[in-house]
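Residue numbers (the working numbering), protein chains in the order written: chain D, 11 to 137; chain R, 11 to 137; chain A, 11 to 137; chain P, 11 to 137.
Any given hint could be a false lead.
As the list makes no split between identical chains, a pair holds if one copy fits it or if it spans any two.
Straight-line C-alpha distance at most 20 Å; calculated EDC-like pairs for lysine to aspartate or glutamate [claimed, not checked]: (1) Lys-119 x Asp-106; (2) Lys-79 x Asp-16; (3) Lys-37 x Glu-126; (4) Lys-64 x Glu-132; (5) Lys-119 x Glu-130; (6) Lys-37 x Glu-72.
Bear in mind the hints are in silico, worked out from the structure with no lab data behind them.
There are 4 protein chains.
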Amino acid sequence: MISINDKSDVPIYEQIKEGLRGLMARKILLPGDQVPPIRGLAETLVVNPNTIAKAYRELILEGFLESRKGEGAFVAARAGNKASNGMKSVRQRLIDSVQLSRRAGLSWKDIQAALEQAKEEEGGNGE
Amino acid sequence: MISINDKSDVPIYEQIKEGLRGLMARKILLPGDQVPPIRGLAETLVVNPNTIAKAYRELILEGFLESRKGEGAFVAARAGNKASNGMKSVRQRLIDSVQLSRRAGLSWKDIQAALEQAKEEEGGNGE
Amino acid sequence: MISINDKSDVPIYEQIKEGLRGLMARKILLPGDQVPPIRGLAETLVVNPNTIAKAYRELILEGFLESRKGEGAFVAARAGNKASNGMKSVRQRLIDSVQLSRRAGLSWKDIQAALEQAKEEEGGNGE
Amino acid sequence: MISINDKSDVPIYEQIKEGLRGLMARKILLPGDQVPPIRGLAETLVVNPNTIAKAYRELILEGFLESRKGEGAFVAARAGNKASNGMKSVRQRLIDSVQLSRRAGLSWKDIQAALEQAKEEEGGNGE
DNA sequence: GTGGTCTAGACCACC
DNA sequence: GTGGTCTAGACCACA
Chain D
11 MISINDKSDV
21 PIYEQIKEGL
31 RGLMARKILL
41 PGDQVPPIRG
51 LAETLVVNPN
61 TIAKAYRELI
71 LEGFLESRKG
81 EGAFVAARAG
91 NKASNGMKSV
101 RQRLIDSVQL
111 SRRAGLSWKD
121 IQAALEQAKE
131 EEGGNGE
Chain R
11 MISINDKSDV
21 PIYEQIKEGL
31 RGLMARKILL
41 PGDQVPPIRG
51 LAETLVVNPN
61 TIAKAYRELI
71 LEGFLESRKG
81 EGAFVAARAG
91 NKASNGMKSV
101 RQRLIDSVQL
111 SRRAGLSWKD
121 IQAALEQAKE
131 EEGGNGE
Chain A
11 MISINDKSDV
21 PIYEQIKEGL
31 RGLMARKILL
41 PGDQVPPIRG
51 LAETLVVNPN
61 TIAKAYRELI
71 LEGFLESRKG
81 EGAFVAARAG
91 NKASNGMKSV
101 RQRLIDSVQL
111 SRRAGLSWKD
121 IQAALEQAKE
131 EEGGNGE
Chain P
11 MISINDKSDV
21 PIYEQIKEGL
31 RGLMARKILL
41 PGDQVPPIRG
51 LAETLVVNPN
61 TIAKAYRELI
71 LEGFLESRKG
81 EGAFVAARAG
91 NKASNGMKSV
101 RQRLIDSVQL
111 SRRAGLSWKD
121 IQAALEQAKE
131 EEGGNGE
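Throw the hints in and build the complete structure from the sequences for me.
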């Protein structure tokens, strides 16, 4: 459902937030759906439960999730639309990353090639 | 020679390291060449000399540079090859970044658009 | 745990690095063990936290330590073996130093006497 | 006549000074003897002539050498006796080095063994 | 002039 | 609380 790259310099809790937002934006997680319990997700992702808790807490503050005591956390009503907004930072980070690669000497051709490689590694299905 | 984006969340000293490694990989800086003096580079990049020193020191530890006290820092013998290898990791990081964006819900079209934006922000001259 | 001689011309951060590597090589610090927090160690050794941070950072780059943000720094998996190897270089440096003393005209007797003096200054407990 | 270890962290000019002082103390260089010309010694040791010049300059200031314009530098009258005094710093450095090794985890036995090894590498003739 | 070390103190991110 | 980055400025060693 969500995958983590713990070698990335992107904080784990951010990766989780973005993973969940992505699932919402792509309508895989729909309003009203329950998101995985903190403990369970922490176990499957092998991260500290506090880290999951932080991700959920922020998503709640940002209005993507709602928590119901004793039941768990659920996707909020208009989360799908909002999720597209939160995506700006993801985009900016990607741009930063490209610019860093440029400064490190990669040509645009190299970068395009890397992009193709990422596409292939994923399974090659365009979207 | 090297450019810095101090708004990026990539540490300045890392940007400097990668910039220099890029110049080595592209054979613009050749073994034996002197790299700019710490204080001078600090002045042109408008950063603290310690930050440059940190970058240089790590490049020395990694074998890309050699320093001769009182003389300056110089590109090490096999720095070019090592830098080319290091380039692979830069590339890998870019791929990681793209994959992370995908997981966060960006479409390939979004990613391509972000790439174009990065190109424009840079000045638009393809390579 | 670690002792510092700030009158030595060996940099403090180097003394700290070697002290820690020694503890690893002697299996007093085992893989997974947490090393003292930067600020705490800085306080007990009466040095600037940056100096400790520099030592830790280099040990991380060399693969002896791992750091987890917000948690602390920990002894890396195969640190013990690496440290034992590193010990060789310590030994070699000692040999270099002895040979330098010889070239400077010290007799073997002088050198032996110096060794005894070092032993006494330490507290005299053989090992 | 003199050998240099450019991997040592002892400055080259110090190694040269100590080498010369050692030759004086051991009566190999006698008062009135001419020491090698700066250029020649720089060439044989493969170091910067400035470095030799610095060593000579300091030895002159310390009274070990005398320079005669147009002729070269010569061992001063009572250099032999004085040389033994200069040896204190050499000794101290050796002690520092031993203490550093101790802090790095070497046992006294290790250190004694290293000493033996240095002796053997030299040729084994006690003095 | 060069690089190397150290201090003091700030601010940030993460847990 | 933890480590990470950066600044400002000092002092030293070397060429």
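If the cutoff is 20 Å on CA atoms, where do Lys-64 and Glu-132 land: within, between, both or neither? Let me know, please.
Close neither inside one copy (27 Å) nor across copies (34 Å); limit 20 Å.
Within a copy, between copies, both or neither: where do Lys-37 and Glu-72 come within 20 Å Cα-Cα?
The answer is within: 18 Å in one copy meets 20 Å, while 27 Å across copies does not.
Classify it for me, Lys-119 with Asp-106: is the Cα-Cα distance of at most 20 Å met within a copy, between copies, both or neither?
Result: close both inside a copy and across copies, 17 Å intra and 17 Å inter.
One pair to classify: Lys-119 and Glu-130, alpha carbons no more than 20 Å apart. Within, between, both, or neither?
This pair counts as both: shortest intra-copy Cα distance 17 Å, inter-copy 15 Å.
20 Å Cα cut-off: does Lys-79 pair with Asp-16 within a copy, between copies, both or neither?
between (30 Å within a copy, 12 Å between copies)
Cα distance capped at 20 Å. Does Lys-37 pair with Glu-126 within a copy, between copies, both, or neither?
neither (25 Å within a copy, 26 Å between copies)
Checked against the numbered hints above, the structure violates hints 3 and 4; every other hint is satisfied.
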